[in-house]
Amino acid sequence: MGRQIIEGILRRTASVLLVLFVLSLMIFVLARVVPGDPARMALGPSATAEQVADLQAEMGLDQPIIVQYGRYMGNALRGDLGESLVTNRSVTADIADFLPATLELVLVTVFLVFLISVPLGVLTARYRDRWIDNAGRFFSLFGVTIPSFLFAVGLQLLAGSFFPDWPILGRVDYQLNAPDGPTGLLLVDSLVHGRFDVFVDALQHLAFPALALAMAGIGQITRITRSAMIENLRKDHVLTLRSFGVPERVVVFRYLLKLSSIAPLTIMGLEFASLIGNAFVVEMVFGWGGFASYGLTAILQKDLNALMAVVLISGLFFIFANLLVDLALSLIDPRLRLRGQSA
Amino acid sequence: MTLLDVNGLNMSFSGYGRTRQVLHDVSFSVGASERVALIGETGSGKSVTAKAILGTLPGNASVDGGSIAFDGLDLFRQSMADREKLKGTAFSIIMQDPLSSFNPVFRIGQHLDDVMYYADRRRGEVSSAAERKARIHDTLRKVQLADAGRVYNAWPFELSGGMRQRVLIALALLHRPRMLIADEPGTALDVTTQDEILRLINRLVAEEGLSLLMITHNLGVVRQTADRVLVMRHGKIVEQGPLAQVFDAPQEQYTRDLMAAVPPLYGPQVVDQPVSHKTPMITLQGVKKVYAKRGLFNRGEGHLAVDDINITVNEGEIFGLAGESGSGKTTVARMMMGLLSQTEGMIAVTGAPAEGAQRLSQIVYQNPGTSLNPKRTVAQTLSVPLARTEVPADRQARMEELLTLVRLPVSYLSKYPHELSGGQKQRVAIARALAAKPRLIILDEPTSALDVSVQKTVIDLLLELRESLGLTYVIISHDLSLMRNFCSRIAIMLKGEIVEQGTPAEVFAEARHPYTRALISAIPVLTAEEQALKPSVTEEERARFLVTSGGGQAAPQATGTE
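So the sequences go chain by chain: A and B. All residue numbers for the first sequence refer to this note's numbering, where the first residue is 1 and numbers rise by one. All residue numbers for the second sequence refer to this note's numbering, where the first residue is 344 and numbers rise by one.
If you are wondering where the hints come from, they were derived from the structure by calculation, not from laboratory data. Warning: the hint list may mix true and false statements.
Claimed, not checked - No farther apart than 27 Å at their CA atoms in a straight line, the calculated lysine-lysine pairs in the DSSO-like style are these:
| id | chain 1 | residue 1 | chain 2 | residue 2 |
| --- | --- | --- | --- | --- |
| 1 | A | Lys235 | B | Lys428 |
| 2 | B | Lys476 | A | Lys258 |
| 3 | B | Lys476 | B | Lys631 |
| 4 | A | Lys235 | A | Lys258 |
| 5 | B | Lys877 | A | Lys235 |
Said to hold, decoys possible - Derived contacts from chain B toward chain A, CB cut-off under 7 Å, selection only:
| id | residue |
| --- | --- |
| 6 | Glu427 |
| 7 | Ile436 |
| 8 | Asp440 |
| 9 | Ser444 |
| 10 | Val458 |
| 11 | Asn496 |
| 12 | Trp498 |
| 13 | Phe500 |
Unchecked claim - Calculated Cβ distances over 12 Å to all of chain B for the following chain A residues:
| id | residue |
| --- | --- |
| 14 | Leu18 |
| 15 | Glu58 |
| 16 | Phe142 |
| 17 | Ile146 |
| 18 | Gly154 |
| 19 | Tyr174 |
| 20 | Gly194 |
| 21 | Ser227 |
| 22 | Ser243 |
| 23 | Phe244 |
| 24 | Leu327 |
Computed from a prediction, not measured in an experiment: that's the story for all the values here. Every residue, glycine too, gets a C-beta built ideally from N, C-alpha and C.
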């Protein structure tokens, strides 16, 4: 059994490295073959041809792409992702500043998705075809079909007109003088420093962006949980427990919920991709100084080093999230863990 | 003394705006320490009766009249809480399908402990976790699960079917009920395991002085486990009486038909199919199949599915491959069809395909419920093989001809599978195989999903088709009594090897291999005369060839072979 686990980890790591390699190569080549000269864009229209040529040489843009890629990866492995042409700082430092904001938003969103959709999925399955099921199904269809930027704008409008004091821009009130470090996640840092006023304020700031981002996931996961529950309610083992008088709430909330969480968790892993994509838009709407706004500027300004870092880290984030999902699945389902095969 | 008294029970199901009566005036009683069997075919209402007693009826069921009294207590007049209290303590059920009766993501012990904890609580008793565990271990030992600790900590998929069935019996015994309701126990298991389970239930019932309500469609099982018999049909009890009376002198035509449909194992009714000495169609010589395991470090290792198979199927014969699950019979059949390639040995197909046909052989699967696409009509299903062989103009005529061949009305062409009964679906599956004009048909457990009386009509149809179309059959089955009468030659498989081969008459009269004898002796039969004619097996031989499910190792389900 031990060998199976080691084998699994090795295979997994190998596939992660392969995906990252292909991803980096693709984005590297793509960013360099599209028209537009980064050196010219960085220096502005007034720079002379020599200045542009100098910068090109400095950035290595006159070398063949494969040489550039080799040099970039060599530096990246040492933790040096190059310099951003827009902020004129090292990309590593930029990422360290912007990534925690996005991470915080995404983590709270995932939490919100599970908090709302799992109970809703169970309820709609248990009271199938009753009014609560119909309402729940309408709600989830609503969440799946409407794009998240529309939710973002709509929530902002609603908040603006009904709760004028509720913050709808940024991460935290600047007058509060929020503490720095150690994680960059405001919710964690404020608690570490014992600043509950900052914690509450950060939560308020998070509420609407997270909700706007969560709606699609809520719709999706509610539907999956519902259908998994309905399918499992028909199984013989439910009848077994009922026949011996085990209370219905134990049958549903202990036995069925665990079994029925396999499908939603798997889907959640895949949802991360669209979550990151949607975060780009939602962050713009709510003026959230995060990774996404940084990435968007990088794309528009053809800031090659920043762009590479944003794509690679988004990819890494997606892979890592799915690794966690797989780990959770194997904790839930002994068949995955002990048989060492994907069922 | 009467323990359970069902009186004038009427019940109906409603759904889609219609109400259908499922039980008509059902009355019977079960005395203390009495064993009663409730027999009937699919849809006769026997499981509904059990659910009414237990109180696990689905929401769309309604009781329209009558009463059920347990030890003088009118069940329908009890409050919900009082009825819950009776579950597991007054009566309990032995569930049918050991494969899906446990939640796969919870340990066996968790199921047992929860059932015990809540039953204790309902009775107002407080029990500690350690004390419950001790009681559960005791009960597990009672059902011959020697290594109770290991079973308690096992996940459901780690146990063999026989072991899970024993745990289900333990579950029913946890609170020392006075009556056991057994719903087709062991039906899903191999015949030798089923035999062990039935012996265990009988022993427990005798030792603990329990009453038993045995629900089954297998008449052989009834003979072993009942003192009194109730025959049920279309929601009515059509005949009841002591076992000897019902079995020796059945009063009702339906009971007589039911008994006649069971293929005899020994005696004057047994049919011997003529042996064919025509040219061979398929020859297997020293065939071996290894399923390779895919892995990073262990390339090359694998699971040996079948080894050293030597078979010749002659034209016009009915060749039977018998064996229990995991014995490799399906692997052999798939290699014969060319769906799998052998690892070693030679497979020679010497028979030529019929004129206009692409292949020599076709296959009919076990469960027509899943082998027919539910979204396609019979005509659409049949049109697939016909698209290759017929010009479009002839297709309609050919479809009608095929349905007539399998004795179905031509109008059934426009029906969907869910509109057909199990037997009718299997006829469509046979028609689909025939559509490709095979000369050899491989029948993979063709009747095991069907009721006995339906099974008989399908078998009769297959014999007629062989006669009129000159077909050759290879049948795979675990049902030896069926094969005794249907096959002209049989081979018995054990763990991937053929241990015995010959005509059924030879094999059943004097089986050379002890495994064959053990297999035959485990088959439930209808009469004492047949029972006496079965070969005897010593305990030592049993232990050598049968994996006793109560003992140690789990039998992993061999994926891909069955």
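Numbers of the earlier hints that this structure fails to satisfy, in rising order
3, 5, 11, 22, 23
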